[in-house]
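**Q** One letter stands for each residue in the lines below.
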Amino acid sequence: ACTPAAKTQEQPKRVVYLINGALGDNAFYDSGKAGIDNIAKQYGVETRTIECNFDAGKYEPSLRAAVDYADVIFVISYGFEDQLKEFADQYPNKIFVNIDTVVENSKKTITSVDFIEEESAYLAGVVAGLTTLDTSIPNVNPDKVVGVVGGDVDPVVSAFVFAYENGAKSVDPEIQVLKKSLGGAWDDSARGKQAALQLYDQKADVVFQVAAAAGIGVLQAARERQLYAIGVDTNQNDLEPGYVIASDIKNVGKSIEDVYKTIHEGTYKPGQVLKYGIAQGGVDIALEAKVQVLPQSIVDKVLAIRQQIVDGTLKIEMYNNQDVWQ
Amino acid sequence: MRILVGLINGMISGATPILLAALGGAYTFYAGVFNIAMEGMLLTGAFFAVLGSYYTGSWLIGVLLAVLGALFLALIFILFAVVLKTDEFVTGIALNLFAVGATTYMLRKIFSVKGVFSNAGIQPIPSVRIPLLEQIPVLGEILSGQNLMVWVAVLATFLTYFLIFHTHFGLRLRAAGYNPARLDSSGVPSSRMRALSLLASGVLCGLGGAFLSLGYVNLFAENMSAGRGWISLAAIILVNGNPMGIALISLLFGFSDGLGLLLQGYRVSAQFTAMVPYIATLIALYFYAARKKKLKST
Amino acid sequence: MGEACASPIFLNFFSRAKVMDSNLIEMRHIVKVYPPNVLALDDVTVDFRRGEIHSIVGENGAGKSTLMKVLYGITHPNSGEIVYNGKAVHFREPGEAIAAGIGMVHQEIVLIPEYTVWENIVLGVEPVNWLGKIDRRRARQRVQQKIDEFQFNLDPDARVEDISVAARQKVEILTLLYRNVEVLILDEPTAVLTPQEIPQLFAELNRLRDSGHTILFISHRLEEVLELSDRITVMRRGKKVETVPATETSRQELARMMVGREVIFTSRRTPQHPGEPVLQVEHLTLREDHGRTRLDDLNFEVRAGEIVGVAGVEGNGQFELVNTLMGIQKPTSGRILIHGQDITHSDILERRRFISFVPQDRGKMGASLPAPVWENAIMTHHRLNPQLSGWKGLLLNTRYARQFTRQLIDAFSVVLPSPQAPFRTLSGGNQQKVIVGRELMLQSDFVLLDQPTRGLDVGSMEYIHDQVLRIRSEGRAVLMISADLEEIFLLADRILVLYRGKIVGNLPVERTNPQEVGALMLGGQHESP
Amino acid sequence: MKQKVFNALIGIGVALLLGAVLLILQGYNPLETYQALFEFSLFGYYPFATTLRNAVPLVLPGLSAAIAFASGVVNLGQPGQLVMGALFATVGGLYLDLPPALMIPVLALLAMLGGMLWAGIAALLRRFFDMSEFIVTLMLNMIADYFTAWAITEPFKDPTAFSPMTPQITQNGWLPKWGEFNSMILFMLAAVLVSWFVFNRWKAGYEWRITGQNALFARLGGCDINRNFMAVMLMTGALAGLAGGLVVMGGTHRFIRGLGANYAWDGVMIAIVANNGILATFLYGLFFSAIQTGALGMELITSVPNEISQVLQAVLVLVIVASREYLNTLVEQISARRRAREART
Ligand SMILES: Nc1ncnc2c1ncn2[C@@H]1O[C@H](COP(=O)(O)OP(=O)(O)OP(=O)(O)O)[C@@H](O)[C@H]1O
Ligand SMILES: Nc1ncnc2c1ncn2[C@@H]1O[C@H](COP(=O)(O)OP(=O)(O)OP(=O)(O)O)[C@@H](O)[C@H]1O
Ligand SMILES: [Mg+2]
Ligand SMILES: [Mg+2]
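Residue numbers (my numbering), protein chains in the order written: chain Y, 1 to 326; chain F, 1001 to 1298; chain R, 2001 to 2529; chain G, 3001 to 3345.
Hints in this document: simulated from the structure, not taken from any laboratory. Certain hints may be false.
To be verified - Partial list, computed: chain G residues near chain Y (C-beta under 8 angstroms):
(1) Gln3003
(2) Tyr3046
(3) Pro3164
(4) Ile3256
(5) Thr3293
(6) Leu3296
(7) Thr3302
(8) Asn3306
(9) Glu3307
Being a predicted model, the structure only gives us computed values, none of them experimental. Cβ atoms here follow ideal geometry from the backbone N, Cα and C, with glycine treated the same way.
Turn these sequences into a full structure, and let the hints guide you.
**A** This is the structure in C-alpha cells:
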C-alpha cells in the first residue's frame, strides 16, 4: 500500500538504537551508530543510543526506556533476546528491528537483519591463504601457516573462524590455521597483541583479528613483526598502513538505513528476516589501502571468488555449532 | 626456540606494567597506607600518555603527562585519606571508579571516540637496541630491542630497593608504617611520609600506565588496565612489599599469562588458559604462606 | 640534611651562671578538653626552672601526661599560653619542641622494635651522604659517642625488640640527648623498672641535671619523687594543687594532696592457712624452635586460699607463663593440672571453666573498647552460664544479659553513664572494675591476675586489692603477676621470682624482703637461710 | 542513631551539590539531570519497582561484605561467589524438575550453596595453609569469572543462542511477579532481616561482632575463633551466592555473559560506605540502586553520558564518607570548645 494514504500515516518521530555492548569498537556498534546518525540527518527524527555495556542488569530497564521513548527501535540484542520478545509482544504497534541475529516473537512483529559473516570471513581466509603462499611478499616465510585471534569463543566469533579456515584451506588444504581466543578480554589490547605475537612466532604470516578493541593490538603486532593482519567489521586497512592487507567489513549502518527507508516509505513489513550477504552489501572484503601490499594477482583472484559468491555460483558453508577451536 | 624467546619477551612486557604499579604500591605498603588505587592510577596514566604523545608528537611529554595524571589521582587520595582521614579502602575504590568514568568521558570529549583511540600520530616509547649484544642468538634477542620503559622498570626496582632500605627517606617511610607515633615524636610528621609514599606510587603507576598505552601497544582503550592494578596489589601483599620479590611475582605473572595463551594450542579451553596467572598467584601465595609459617615457628 | 645543629647546652652554661633559678618554662592558665568533653586540664598554671629536676605527681587521669603533651606540642590546649626562654611559644608538633630544645619520653615507650638501637635514635636526623644514603658508620659512631658521654651502657646495633625494658628507656632518653635537648620530660619512667634499676636511672638523671639539663619527671611513687626532685607539683583531677620544694614536704602530705584524703600504706592481709593445691605446674617448658628457651622447667603449685605473687623484670617469662596457662601457646613439655585434672592440652574454653583471668592490658586482651559495657560484661559467661542463652542455645538472652550486667555494676560499684555506653568511655579504673568483676563472678577456683592494678590510681587500686583479699578468704587460689614489688609484698603469701624463664626464688613473703627479691629479679643468687 | 541519619543526609546533600557543580562544568543542567535521575528511579510505579529490583544484587553482596568486615573477615570474594551462585541456580533450573513451590526454594538454596562453596575454598585455604583470604578471594573472583564463562560456552551452552549463554531454566524456577514487583524483593528483605537477627540476636553474632572488634579478647573469652571464621565465610558466601541466584531466577532466567558485571564490587563499596552496618547497608543499597537506575534516565532525557553518572557515583561515595566522618569530629570539637570555655570562666 505504497500510496499517499501510506504517506499520510504519521511518520515515526523518535528512534532508539539499543545495544547490548558499548559504542567504540571502531566497528560493529559504531557502524550501526553511523547509520542512525544518517537517519537523523536525512529524515530529521530524534535519535538516542542506549548502551548496556554488557551489563545484564540494564537490559530490561533499557528496553522499557526505549519503548517509552521511541516508536522505532533498532536493537542489537545479544543476551536479551528473551526480554526483546516479551516487549515486542507487549507493544505490537512499535517497530522492532533486531540487528545481526534472528529473533522471532510469537506475534511475529520483530524484523531481523541477519548478516552472512561467513561470506566475508571466507574471503578473508582466501586472502590469508594466498598471502602465506606468496613468498615474494616481503617477510612471508615458506611455511603454510595463518592465524586468527578471537575476542571470545562465542558462536559469532566461531562462525568467523569457521569460514576463515574454510577460505584458507580452499586455497591450499595444507595451510594450517592457528587460533587464539582472548576468552572474553575484548578490551585488553595488550593481550590481543601478545596472542598475535605468539601466532607470528609460530610461523603465521597473516593474522585475522575478530576481537574488537583488543584486535587493534593484533594490527600493531603485525607492524612490530613487519608481517600482516586482516581487520574486521570496518575498513581498518589504513590503521597500520602497509601491514593490514584487508578488512572483513560488516556494514550495519547500511542495513539500518535500508530498513528505515522502507519504514519511511511505508513499505516496511514486520516479522521478516532480511539476509545481508555480500550481494546485499551487508558484508564485504576491503582490499584497497593507502599502502598496497597485496600483489594485483592476489587481488584479482579474491575479487573473482567474491563475484562467484555474489552470482551464487559459489555457496559458502554456514557455521552450525561445530567446534572450530581445535 | 623462537616460541621460547617469544614467551620470555611476552613475560617481560607482561610483567612491566604490573611491576611498575606494584613498586609504586610498595611505598604505600611500607608507609602503612592501604592503597588499592593502583588500578585507577594505571588507567589514568595510560590515558594521559596517549593524550600527551598524540598532541605534542613527543613520547617524552606523553610519559610526563602520564605521571602528572596519576599524580593527580594520588593528590585526591592524599586529600581524602591523609588530610580528611577518610577510610583508605573507600577512597581507593572510589578513585578506581572515578578513573574509569573520567578517562572514558575524556576519551569521548577530546578524541570524540569511544572504546579505543588508536592513531599513527601517537608517538610510541622507543625500544632500546644494544648493538653488540644483538648478535648473540637467544640472549641478544631478549636483552636487545626491549622497550625503554622495561629498563626504566628494572632501574626502578633497584632504586626502590635502595630508597626503602638504605636512605633516610626509607628509614622514615618504614617507620611511618611500623609506628607512626614514634616518627611523629622524633620530629617527622608521619602524615607527610604517607603523602610522599602516595606521590611515589603515583609516579610509578603513571610510568606503568604509559608503558601500557605507549610501550607495549600504541593506543588507549577504555579500562585497558584490565585488572593489572589488582594483580600488583596481590604481588605486594604476597611478598610484604619487598621490591625484589615483587619483581619475581610480576615476572611469574607475565610468564603464566603468556603460557596460558600458548596452551590454547594444546586443546585447553581459552577460559582455563586465562585462569593460569591467577592460579599461579595462588600457588605462589601457598609457598609464601608456608615459608612465613616456618619463619614464625623458628 | 640530618646534621644535628650545634649544641645549645654550652650557651646555657653561661646563661645558667647568671639566671640560676629563673623560670625556663612558664605554663599559664592551660585548659585542655579532649573531645567530646573530658576536661583533662582545668586552668593549670605552673613554672619550671632552668637546671632543676621538677616532679609532677597525681592520680591517674589527673592530667600529668596531658600537661606535658601540651608542652611538647603533641596535643594543643584550648586556651592558655606557654613561655619558654622568655618568649611565648606554641609548638604545632613535637618536631618544633625538639628543635627548640624540649624532648619527651612517653609513658608508654614508643620505639620501633624492628629497628636497631641506633636506627631508632637517629630516626629523623640521620647523617646522610649526598645520595641520601644513610652513613651508618658516622651514625653508629655518633650514637656510641653519646652513649659514652652519658655513661649509658647500650649496644647501638642491638635490635630494640631484643633488649630489656630499662634499656629501651635509655634508648628513648638517648634519642633526645642525641638531639641536644635542654629540657627532658620523663613520663612515669620508673613504672617498669626494678628497685635495682631505679638508682641507676636517678644517677643518670642527676648527671644530666648537673650538665645543665632541666628534667620534668612524672611518677606515682612518692618516695622516689621525694628522693630525686628539687621541686614537686601535685595535680588532682586536672587542677594543679600546689608546687612545693621536695625538702619541705612528706610522702603522707603528697598523698593527701593527690587523693584528697588520708591514704593507708600498710597491708590489710590477715594470716591464713592455705588448703589443697588447686593449680599444679610440673616441668613446664616452652622452647622456641631455634633453641631460645622462654620457660625453663617451671614447677610450682598454688593452694586454695593462697595468693602467690610472681615477681620479675618484664620479659623474663611472665608473658609466656600466662600464655601457656591460658592455652594461647602450647608448652614444649610439662603439665598443667587444676584440681589434679590435666588441662595442658585442652582448649581455651575448656580452661575457662576453671580459670578466672584478669589480663594486664585492658584494651588488648581484657575488653572490646568500642562494644557497649554489657557486651564486655557477659564475655565467657555467655558460654558457661545457660541463663544467658535463649532458644536452643542459639539466641542470646539479652534481657538476662542486662540484668547480669546490673548485678556486676552494683557488686563492684562501677561508675558509668549506662550499660549501653561504649566501654572506652569508662575511666581506666572503672574499666578494670568491670573486668575484675566479670572474672570473679565466674566463681572459678583458680584466679590468674596479670598486673591487676597497672595504671590505676590509689583509690581504684585499694578497691581491687580488697577484692583480691576477699577471694583469698573465700578459699580460692590466686596467682598474681606484678611488676610492682610494693603490691606483691602487700598481698602475696608466697613470691615466685622469674628470671630468664626460670624460677630463681620461691619465697614465703614473711621470710624475704624487697632487696632480696630485687636482687633475684636481676639474676643475683638467692641466699636461702 | 539520629546523629548518624543526620550525618548521612548531610553527606548525601553535599555530594549531590558537588555533583551539580561537576555537571555545570560539563555544560549540563543539574536540575534537569537530577530530575530525570529521580523520575527514572523513584517517582512512579515502574521506576520504583525497577529501583527495588536492581537493589537486590547490590544489597545482598553488600550485606555479605558488611557482615564479613564487621566480623574481622576480609572476604572480598563477593563477585566470584555471586556468579558461582548464579551458575548453581541455573544448572539446577536446567536439570531439576519440581513444582514451583519446591523449585524456587531449592534453586535459592543451590545458589547459596554455590556461594558457600566458593567462599569455603578460601576459608579452607586460610584455615589450613593460612593463605590470606584477602588475596585468595580476589584471585578466586577472576577464576570464577572465567570458570562460569567456560561453563556457559561449553558444557551448558544454549546451542541456539548467538552469544555464550545457557538455555532458559524451567518456568517453575522463575520468581513470580506481581505486575512490576518482582518477588526477588521479598528474598532481599528476608535476607536483610535474617542477617540483622543473626548478627544482633544470636550468640554466634555476638561472638562475630566481638571478634571483629578485638579477636584476642574474644579468643581469651572462650569464643571458637576458627569455627566463627568458617561460619562467617560460609554465611557471607551464601548471601553473595543468593544474589546471583535471584538475578537468574527473577531476571534473565538463564546465565548470560556479563551477568553480575559489577554488582558485587558496588556491594562491597556500599558496605563500607554504610560502615558495615546491616540496616545502613540496606538503605545505602537502595540509594545507589536509585542512582544507577536513574542514570539511564539521564542518558535518555538529558543525554548525559553513562560515564558521567559513573564519576558522579565516585564523587558520592567519597564525599558521603568523608563529610560524615569529618562531621563527627567537628561536632565533638565544638562541644569540647564549649566545655573549655565553661572551664575558663
Ligand atoms: N578515650 C576516651 N574517650 C572518651 N572519654 C574518655 C576517654 N578516656 C577517658 N575518658 C573519660 O575521662 C574520664 C576520666 O578518665 P580516666 O581514665 O582518667 O579516669 P580516672 O581519673 O583514672 O578515674 P579512675 O580512677 O576510675 O581511673 C572518664 O570518666 C572517661 O569518661
Ligand atoms: N586521647 C584522649 N581522649 C580522651 N580523653 C583522654 C585522652 N587522653 C587522656 N584522656 C583523659 O584525660 C584525662 C587526663 O589524662 P592523662 O593521661 O593526662 O592523665 P595522667 O595524669 O597522665 O594519668 P596516668 O597517671 O594514668 O598517666 C584522663 O581523664 C584521661 O582519661
Ligand atoms: Mg599519664
Ligand atoms: Mg584512670
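**Q** All hints, please: hold or fail.
**A** Status of the hints after comparison with the structure:
Annotation: interface hint on G/Gln3003 violated; nearest CB of chain Y at approximately 34 angstroms, more than 8 angstroms. At a threshold of 8 angstroms, the smallest CB-CB gap from G/Tyr3046 to chain Y is about 7 angstroms, leaving the interface hint in force. Contact between G/Pro3164 and chain Y, as hinted, is supported at the beta carbon level, the nearest pair being about 5 angstroms apart and thus within 8 angstroms. The restraint placing G/Ile3256 at the interface with chain Y holds, with a minimum CB-CB distance near 5 angstroms, inside the 8 angstroms limit.
Annotation: interface hint on G/Thr3293 holds; nearest CB of chain Y at approximately 6 angstroms, less than 8 angstroms. The restraint placing G/Leu3296 at the interface with chain Y holds, with a minimum CB-CB distance near 6 angstroms, inside the 8 angstroms limit. Evaluation of the G/Thr3302 hint against chain Y yields a violated restraint, the C-beta minimum of about 11 angstroms exceeding 8 angstroms. Annotation: interface hint on G/Asn3306 holds; nearest CB of chain Y at approximately 6 angstroms, less than 8 angstroms.
Annotation: G/Glu3307 was flagged as interfacial toward chain Y, and the flag is violated, the nearest CB pair being 10 angstroms apart, outside 8 angstroms.
The structure fails hints 1, 7 and 9 (numbered hints given earlier, in ascending order).
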